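Listed below, chain by chain, are the residues.
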Amino acid sequence: MEDLKELKKIEKFADQCMKCGFCSFFCPVYQEEKVETAVARGKNYLVRQMIQGDQKFTPEMADIIGKCLLCKRCAANCPAKTQIDRVVVGARAQLVKEKGLGFVKNFAFRKVMANRKAFGRYVKLAKTFQFMMPKTEGKIRHLPDFLKGLGQGRNIPEIADKFLRDRVKRVNKPQSGPAKMKVGFFSGCAMDFVYPELGLKIIDVLTKHGCEVIVPEEQSCCGAAIYFSGDFETGRMLAEENIKAFKDVDYIVTGCGTCSSTLKDYQKYLTDTEDQQKRYEAFEKKIKDSTEFLIDILKINPSDFKLKKEFEGKTATWHDPCHLIRYQNIKEQPRAILKALKGLKYVEMPNADLCCGMGGSFSVYHYDLTKKIAAKKMDGIKATGADIVVTACPGCMINLIDNVLQNKMPQKVHHFLELVE
Amino acid sequence: MMKEAVLDKLKKIVGNENVLTTPEVLKAYSYDGTTSWQHEPEVVVFPTTTEQVSDILKLANAEKIPVTPRGGGTNVSGGSVPWLGGIVLVTTKMNQIVKIDKENLSATVEAGVVLQDLTMKLAKDGLFFPPDPQSFLGATMGGIIAENAGGPACVKYGVTKQYILGIEAVLPSGDIINLGGRTLKNVVGYDLLHILISSEGTLGVITKAELKLRPMPPARKTIMAVYADIAVAGENVYRVLENGVIPNKIELLDNWVINRIEEMMPMGLPKDADAVLLFECDGILETVDKEVEKIAEIAKKYGATDVRIAKDQAEADKYWMARKAGFAAVFGKAPTVLSEDVTVPRGNIPALIKKVKEIAKKHNVESCCLGHAGDGNLHPSVLTDKKNEELYSRAIKAIDEIIESAVELGGVLSGEHGIGLEKQKFFNKVTNPAVVDLMKGIKALFDPNNIMNPGKIWD
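Sequence order for the protein chains is G and R.
Position 275 of the first sequence, counted from 1, bears residue number 275 in the numbering used here, the numbering being contiguous throughout.
Position 271 of the second sequence, counted from 1, bears residue number 271 in the numbering used here, the numbering being contiguous throughout.
Simulated from the structure, these hints should not be mistaken for laboratory data.
Small disclaimer: the values here were computed from a predicted structure and weren't measured.
Watch out, some of these pointers could steer you wrong.
Claimed, not checked - Label-pair restraints from in silico Cβ distances:
id, chain 1, residue 1, chain 2, residue 2, range
1, G, Pro59, R, Met321, 41 to 51 Å
2, R, Glu366, G, Lys342, 57 to 67 Å
3, R, Ile195, G, Lys345, 56 to 66 Å
Yeah, the Cβ is synthetic: ideal placement off N, Cα and C, and Gly gets one too.
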């Protein structure tokens, strides 16, 4: 077989697997499918076969490598500490190198998502067609029949009237006193196009706590959907753009768990040269997710947060986004705040760390599987009797909202920052 | 290649989606938890009912196609590797917990139920299934029964066969049989139930089982005892037991394993110790307290340099985490690890440990010892690299000698993993020929066409 550069890079991770099969218990996909090719051990074995030249890049192989949420539950519980996420992403990168991206992804990643301005234009265009999608509830719409390829009956949030980029100032001074530090705000797609109020809220909270917040226009997409699909070339381009856009700040804060972990992990997945390694590592040190920043960097006492009036007397539960709990080890910070909020009752949900089933584009290609995985999440939510499900990743929010509605459950889904004054 | 006509019939039995033949799937069903054995099947089939299993076996028997039953594929003897190709019959989609009977302390489960799923469900009713193989996260009940699996808790509770009241199985003829029953006592004719248990999938396919349960003990406590000499640790195991206390676990970690764990996750284990023993007692709180005191007293009297009683569950969890990590510590340290499953009478544990050290030195290979010392079941391991032929052959020699010396010390080839492919070369050597003939006779009676998991145990 030809050049296996990307696979060679992850060979040592694949070799770590001793085939004990413990991953089967933790893999949300295997738990539904019960077939060995779905689980980390199987994927890992097949990747090793490819490295040895005993397995080719067949369409079936692409399917197998594609059917992973990258939730990292297997890796977190692997006795041999096999980093299966690296194996899967490396295999996808090799696939892209050899077979190309395919027209749809090529267009979506390189022509749309990687070009922030163009992306905005396309989303605006999509917005004008939004009236064709019947409303479910409030700002939630579900996909009409002619779009059922994306998942029949799926509820997706409405695109905002005015994007965050058009509503935000480049420099936001602290609300009182001199600036403690200069913080870059990374908006990410969801907060830009779908939840702009949330973006404004984060900036408000940060400036309230003495930060000067910079929102560079030049920032781009974090690259999660792009480089996790194996498009390292575009991924590196985005990494360079984001590093440049945020070169003058002390920290970079985002309210999206996926964005924060993706930005932190450029150094892990994308590096090819020592120079890249060094620069991506330096960039990683600046990235903080919202709750992590508030508790660990600003060192705000959890009991200093005030609950917004509309949530008084409610019961809340926390959903751990995979990109927070396993990619960044952020588990206690949000819980500490939720538990300390006066007027709110906190209940821990069973399997709080179970993936909601979204997995970015995974849910587009495998919507039925997404629903089955989400059903288990819904069972956990139901068991708490909570009024609200709190999380800190718009991706999870979108999927949780869809499934709460589909299951006719009373719970409302909120970003953590919506709860506090 | 399997004949199209056979594949079509299989599809008719279980549905198209449950018959897989792509090269990728065949590769993914070519292995189990062992390092050295791989072989691809020709088709992978997922039945969902006992009747489907029966139809598959009838077809395979008529066509004389080998059938290898497989659950989670976590076994470490090569037992579920389809050595002669044919059909891999996977039970993972037969995974219903049919009934939990609190009144009779029993449960009915399908073969593909994963032990940890069962454990979690039982805990809600204050019950538990005592056998606890370390593969509990992936192992299925069918496999656990077919391999008569063990685990740390065997020292007090015994192995799987003591917790199976009855099974439903399908013979190669397609006949569905029920052995044993739902009662604690059962003396009706020959005890065929126990021939099926530990048959390693060579006599039929276990499809359902009636399990014996126990109420969950309300209290448990953990002790770590430290030793300057591993042989003294080994001796401590039987000293504790002969002095009247039966803990539910006694686990051993040697100096090498302790240090690898500390490298991986520093938790303050005694790095200078030649070995540590971890004891756990469970039962009524007052009894557990007394037992723990007694163990501490005996351990000190017979040479432990330090005894720590875990002050709370968090400290206990830390020690057991270390024991679990031991597994990873060993396997993560070399490209290939050969881990043994020999079991000796408890009194010979110190002698076996000494022997392992001598053998490793003689063949110049790195070795370590950890395992379920409480029941004499040790997992001496040799670190090697399959790709380095010279090193690998030295390791194989060392492992062979370790097994032989365990047998010389009155032990057995396997405590809990079975013979499968891994131990075949020793099986004939250490088993009385008349016994081998009896076993082969039984096999021929159950499976005249030799379709059930052929190539295992004695071939």
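Evaluated hints:
Proline 59(G) and methionine 321(R) have their C-beta atoms about 42 Å apart, which keeps the hinted 41 to 51 Å range intact. Between glutamate 366(R) and lysine 342(G) the beta carbon distance is about 58 Å. The supplied range of 57 to 67 Å therefore holds. Between isoleucine 195(R) and lysine 345(G) the CB atoms are about 57 Å apart, so this pair conforms to the stated range of 56 to 66 Å.
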